[in-house]
Amino acid sequence: MSAPYRILFICHGNICRSTMAEFVMKDLVARRGLADGFAIASAATHDDEIGSPVHPGTRAVLEAQGIDCSGKTARRLRRADAEEWDLFVGMDEANMRDMRRQLGREAESRCFKLLEFADSDRDVADPWYTGDFDATYDDVIAGCTGLLARLAPGAKRP
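Counting in full-length UniProt numbering, the final residue of the sequence shown is number 158, and the numbers go up one at a time with none missing.
Just so you know, the hints here were simulated from the structure itself, not pulled from any lab data. Backbone N, C-alpha and C define an ideal beta-carbon position, used for all residues, glycine too. Warning: the hint list may mix true and false statements.
[Unchecked claim] With a straight-line Cα cutoff of 20 angstroms, these simulated SDA-like cross-link-like pairs (lysine to any residue) come out:
| no. | residue 1 | residue 2 |
| --- | --- | --- |
| 1 | Lys26 | Asp68 |
| 2 | Lys72 | Ser52 |
| 3 | Lys26 | Ala152 |
| 4 | Lys113 | Ala39 |
| 5 | Lys72 | Asp47 |
| 6 | Lys113 | Asp68 |
| 7 | Lys113 | Met96 |
| 8 | Lys72 | Ala39 |
| 9 | Lys113 | Asp92 |
| 10 | Lys26 | Lys72 |
| 11 | Lys72 | His46 |
| 12 | Lys26 | Arg105 |
| 13 | Lys26 | Asp134 |
[As the list claims (entries may be wrong)] Derived Cβ-Cβ restraints for the label pairs, each shown as a range:
| no. | residue 1 | residue 2 | range |
| --- | --- | --- | --- |
| 14 | Arg97 | Ala135 | 17 to 25 angstroms |
| 15 | Gly51 | Asp121 | 17 to 25 angstroms |
| 16 | Glu106 | Gln65 | 33 to 41 angstroms |
| 17 | Ser52 | Asp119 | 26 to 34 angstroms |
| 18 | Ala3 | Ser109 | 15 to 23 angstroms |
| 19 | Ala39 | Arg76 | 14 to 22 angstroms |
| 20 | Gly33 | Ala94 | 31 to 39 angstroms |
Could you build all of it, start to finish, from the sequences and the hints given here?
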């Protein structure tokens with residue numbers, strides 16, 4: 001059996017958007033019977049929320065979809081992640097700049113913005129500022145669905 005394809009979702013604090021993407025993607029692959037083929041996690045580009053639990057707004061949106069995120073706490077992106085993960089998925093342009101700087105050149109070709117997989121150059125809506133976790137979920141589900149289509153067996157992986 002081959003090693004799982006490792007995806008790390010990344011945002012500023014790892015309590016809203018990247019966490020939502022992590023658990024939505026885990027749910028999507030599980031529903032398709034593909035969970036064994038993936039390792040999925042999330043991380044922060046900044047220290048602001050390290051060790052904090054999932055934001056209550058994110059947790060509520062996930063729970064409404066039947067997705068459990070209990071036990072998750074924010075963790076920091078590390079340079080060593082460049083060697084441990086296959087794909088790095090940021091939520092906005094600031095995340096992309098921070099990811100490239102923190103991971104180094106060897107990971108640059110494996111860094112993507114989530115909504116690229118939904119054929120959009122937009123940033124994922126940030127509920128930290130808008131308070132609209134439903135809009136964020138809409139962006140995340142669109143991006144993760146597109147990403148999974150790109151990663152399905154036989155598809156050309158990014």
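query = Among the hints numbered above, which are violated by the structure, and what are their numbers in rising order?
reply = 6, 12, 15
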